[in-house]
Amino acid sequence: MPDQEKDKTAPPAPVPDGQPAPPKALAAPVAEEASSQYFFGEPLVGFDPSEITGSLIVIEGMDGSGRSTQIALLQEWLESEGFAVQTSGLRRSNLVGRDIDELLAKNAVTRLTLALMYATDFFDQIEHRILPALRSGTVVLADRFIFTLIARGVVRGINRDYMSGLYAMALRPHLTFWLNVRPETAFGREFKKAQAISYWEAGRDMSLSHDLYWSFVRYQTMIKREFEVMAKRHNFIELDGEASVSAVNKQLRQRIAEQLGIRATKYTPSTALAHLWR
Amino acid sequence: MENQEPVQKQPRVEPPKSTLPQPGRPVPSRAYPGALIVVEGTDGSGKSTQLYLLKRWLEIGGYRLHFTEWNSSPLVKSATRRGKQRRLLTPTTFSLLHAADFADRCERQIMPLLQGDYLVLADRYIYTAFARDAARGCPPRWLRNLYRFAPVPDITFYFRAPLDVAVNRILSGRPKLKYYEAGMDLGMSYDRAESFRLFQARILEEYDKMVDSDGFVVLDGTMPVNKLQKQMRDIVASKIDLKRFAPRAQESE
Numbered sequence: 357m358p359d360q361e362k363d364k365t366a367p368p369a370p371v372p373d374g375q376p377a378p379p380k381a382l383a384a385p386v387a388e389e390a391s392s393q394y395f396f397g398e399p400l401v402g403f404d405p406s407e408i409t410g411s412l413i414v415i416e417g418m419d420g421s422g423r424s425t426q427i428a429l430l431q432e433w434l435e436s437e438g439f440a441v442q443t444s445g446l447r448r449s450n451l452v453g454r455d456i457d458e459l460l461a462k463n464a465v466t467r468l469t470l471a472l473m474y475a476t477d478f479f480d481q482i483e484h485r486i487l488p489a490l491r492s493g494t495v496v497l498a499d500r501f502i503f504t505l506i507a508r509g510v511v512r513g514i515n516r517d518y519m520s521g522l523y524a525m526a527l528r529p530h531l532t533f534w535l536n537v538r539p540e541t542a543f544g545r546e547f548k549k550a551q552a553i554s555y556w557e558a559g560r561d562m563s564l565s566h567d568l569y570w571s572f573v574r575y576q577t578m579i580k581r582e583f584e585v586m587a588k589r590h591n592f593i594e595l596d597g598e599a600s601v602s603a604v605n606k607q608l609r610q611r612i613a614e615q616l617g618i619r620a621t622k623y624t625p626s627t628a629l630a631h632l633w634r
Numbered sequence: 061m062e063n064q065e066p067v068q069k070q071p072r073v074e075p076p077k078s079t080l081p082q083p084g085r086p087v088p089s090r091a092y093p094g095a096l097i098v099v100e101g102t103d104g105s106g107k108s109t110q111l112y113l114l115k116r117w118l119e120i121g122g123y124r125l126h127f128t129e130w131n132s133s134p135l136v137k138s139a140t141r142r143g144k145q146r147r148l149l150t151p152t153t154f155s156l157l158h159a160a161d162f163a164d165r166c167e168r169q170i171m172p173l174l175q176g177d178y179l180v181l182a183d184r185y186i187y188t189a190f191a192r193d194a195a196r197g198c199p200p201r202w203l204r205n206l207y208r209f210a211p212v213p214d215i216t217f218y219f220r221a222p223l224d225v226a227v228n229r230i231l232s233g234r235p236k237l238k239y240y241e242a243g244m245d246l247g248m249s250y251d252r253a254e255s256f257r258l259f260q261a262r263i264l265e266e267y268d269k270m271v272d273s274d275g276f277v278v279l280d281g282t283m284p285v286n287k288l289q290k291q292m293r294d295i296v297a298s299k300i301d302l303k304r305f306a307p308r309a310q311e312s313e
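Line order of the protein sequences matches chains A and B. One gets the working numbering by counting positions in the first sequence from 1 and adding 356 to each. One gets the working numbering by counting positions in the second sequence from 1 and adding 60 to each.
Don't take every hint at face value.
[As the list claims (entries may be wrong)] No farther apart than 30 Å at their CA atoms in a straight line, the calculated lysine-lysine pairs in the DSS-like style are these:
{"#": "1", "chain 1": "A", "residue 1": "K462", "chain 2": "A", "residue 2": "K588"}
{"#": "2", "chain 1": "B", "residue 1": "K144", "chain 2": "A", "residue 2": "K462"}
{"#": "3", "chain 1": "A", "residue 1": "K462", "chain 2": "B", "residue 2": "K137"}
{"#": "4", "chain 1": "B", "residue 1": "K115", "chain 2": "B", "residue 2": "K299"}
Bear in mind the hints are in silico, worked out from the structure with no lab data behind them. These figures come from a predicted structure and were not determined experimentally.
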């Protein structure tokens, strides 16, 4: 894994003096503009990427892969190291977060409309939450990013180029972690959380199976395949999400420490978070 | 002006496999039996009046039709309203929210009705987004991709009126322009009327760029309403085989 270190896609984050040089940014294959090192394709309207002084760190992975646990722990660790942290995640925008919740509850929405509402939610957070934080030197921990959104659209039959074109103006993360777990494991973890599996987690809208377990496993396997395709292209750092919380967290801390120039990566959660450590 | 032979659409024997073509790919007008007529133009160009009159003509004739308006999907309405009221919208989210609105109408009304052999009339269509969002600075390539799933209209009427005519029609008739309507988010002027004028000028420019590339039928928005309507009806009758949309009662005779 550490060999993938030379992250081709990471923008050169300004790093405080005396700290290791940031990974070099290589121009994307189709790069006509310098902005391609900051964005996946097109520059975002009215925004100057050179203002970025923070770091964007993305944690991806299916439901039950342990993303939110890891983010809670990382936030505490980073704050104890003196870094300001902002988090983001799907459906958390002020603009349409609640509207999406309602659409999902009503189940009256078609796949394309839903995909575009998620895109609205995503860009609202980019513009109103993530960019302001990155401009002020904050570390942004993103619980999922465009990759989940693209995968969900593609498995529902939306053209792949269409989905990636939609997110052409998304910021390129400095680091993208993929917590990879087997759908079978994820099912158990998710079930334990709520004593149930939700309609959308199980991909019930796709009519894969009337059996909830098989619907979940098939749906998440399809999503996982899309992740495998994107992992190479976008230099995901793949971690074994089935390892213990502390083992996964250690790997995350090591990579993030390199990125941010933190020397020590020792960390034990406070009593408030000790229950997550297991 | 348009003296071409009426384009006769062959009624297809077998319907296409799926009701919804794969999203993200353009839908050619041959892919469904219905027909799509859209009107475009800046605010105050007279397009809505003209489409209303066309709709009345077709309704009175008993044709199977459906009328759809830009930015009218109930699913997306509350989000748009909130975004506008609280001025949360940026060029990107403004564009995406309108695309979501359009996608909802497209997937739940426009496409099914075109498949079901209806005449669909749209007051504003994707070209409104191309013109307006490009005027706000969205990358044209991104916009074109965003709406790639839209069926290509059979006729796109572009009502063209000189900037002053169109702007004065709006300013004389409306007490107060809304924030986004006036393009205040672009920060071009503190004066709403002036901002509106500058914004409309940009939109007009964007529309003009599409006349050839998107095959607009250009109509003069300054002509008397009834004469303009006559032109519009003539063009519709010459380009679309209206008999196909005649009342079903006659068919079953």
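Evaluation of the provided hints:
no.: 1; hint: A:K462 / A:K588; in the structure: violated, 36 Å
no.: 2; hint: B:K144 / A:K462; in the structure: holds, 24 Å
no.: 3; hint: A:K462 / B:K137; in the structure: holds, 15 Å
no.: 4; hint: B:K115 / B:K299; in the structure: holds, 16 Å
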